[in-house]
Every structure is written in C-alpha cells, then in structure tokens.
Amino acid sequence: MRILLDEDVSQPLLEPLRRILKPHAVDHVNDIVWKGKKDVQVLRDAPVRGYGMLVTHNLGQLRIPTRSRRSRGRASTTSPTSQRRG
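Those letters in the sequence shown? Residues 1 to 86, by the numbering used here.
One or more hints might be untrue.
Cut-off 16 Å, straight-line C-alpha distance, at most; resulting in silico cross-link-like pairs (EDC-like, lysine to aspartate or glutamate) [said to hold, decoys possible]:
| hint | residue 1 | residue 2 |
| --- | --- | --- |
| 1 | 38 | 15 |
| 2 | 35 | 45 |
| 3 | 38 | 8 |
| 4 | 37 | 15 |
| 5 | 35 | 8 |
| 6 | 37 | 8 |
| 7 | 38 | 7 |
The hints are simulated quantities; they were obtained by calculation from the structure and are not laboratory data.
Just so we're clear, the structure is a prediction, and the values are computed from it rather than from any experiment.
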C-alpha cells in the first residue's frame with residue numbers, strides 16, 4: 001500500500017515510518033511537491049497517484065464530503081492529539 005503523510009504531519013516521522021512499514025511506500029506531501037495543496041485536492045488526487053491511506057492531523061479533512069473516499073476504499077487517519085484545545 002502507498003501511504004501519504006499530509007503536510008501537518010511532522011516530516012521527521014517519515015523515515016521511522018518507512019522503517020516500521022517497510023513493505024509499504026510512505027511519502028510526505030513535501031516530497032511530492034503537494035505542500036500547500038487544498039485538502040479537497042489532496043483527497044481527490046491521492047488515489048489517482050496510487051495512495052491508499054492519508055495520514056493527517058487535520059480533522060477537517062474527514063468532514064469533507066466525498067463519495068469517492070468510500071467507493072475507492074481510501075482510508076484517512078488522524079492523531080488523537082489533533083483536536084484543538086480551547
């Protein structure tokens with residue numbers, strides 16, 4: 001599986017995740033020149049580029065309505081620390 005780390009995920013996590021998830025390809029949006037790309041575009045374009053999972057700290061991405069997320073079998077995951085503190 002190809003896994004994409006969103007820009008709000010710390011880039012230093014990339015290499016440890018690559019070692020832990022060795023059978024999988026793990027990329028960061030900065031490496032594929034997607035930094036600054038709108039959330040809707042990332043969700044649309046990731047499966048086209050072969051990514052099956054998007055790892056993000058942005059809970060807002062999970063609220064973006066998109067039928068393709070279910071139909072293409074994509075998965076998104078967030079960190080519990082991503083909730084904003086008031």
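A quick look at each hint next to the structure:
Distance check on the hinted pair: residue 38 and residue 15 sit about 25 Å apart at the alpha-carbon level, beyond 16 Å; violated. The suggested pairing of residue 35 with residue 45 holds, with an alpha-carbon distance near 13 Å, which does not exceed 16 Å. Restraint check for residue 38 and residue 8: satisfied, since their Cα atoms lie roughly 12 Å apart, inside the 16 Å limit. For a cut-off of 16 Å, the pair hint linking residue 37 to residue 15 is broken: about 22 Å separates their Cα positions.
Under the criterion of a C-alpha separation no larger than 16 Å, the hint pairing residue 35 with residue 8 is consistent with the structure, at around 10 Å. The suggested pairing of residue 37 with residue 8 holds, with an alpha-carbon distance near 12 Å, which does not exceed 16 Å. A C-alpha spacing of about 11 Å is found between residue 38 and residue 7, which places the hinted pair at or below 16 Å, so the restraint holds.
The earlier numbered hints that this structure contradicts are 1 and 4.
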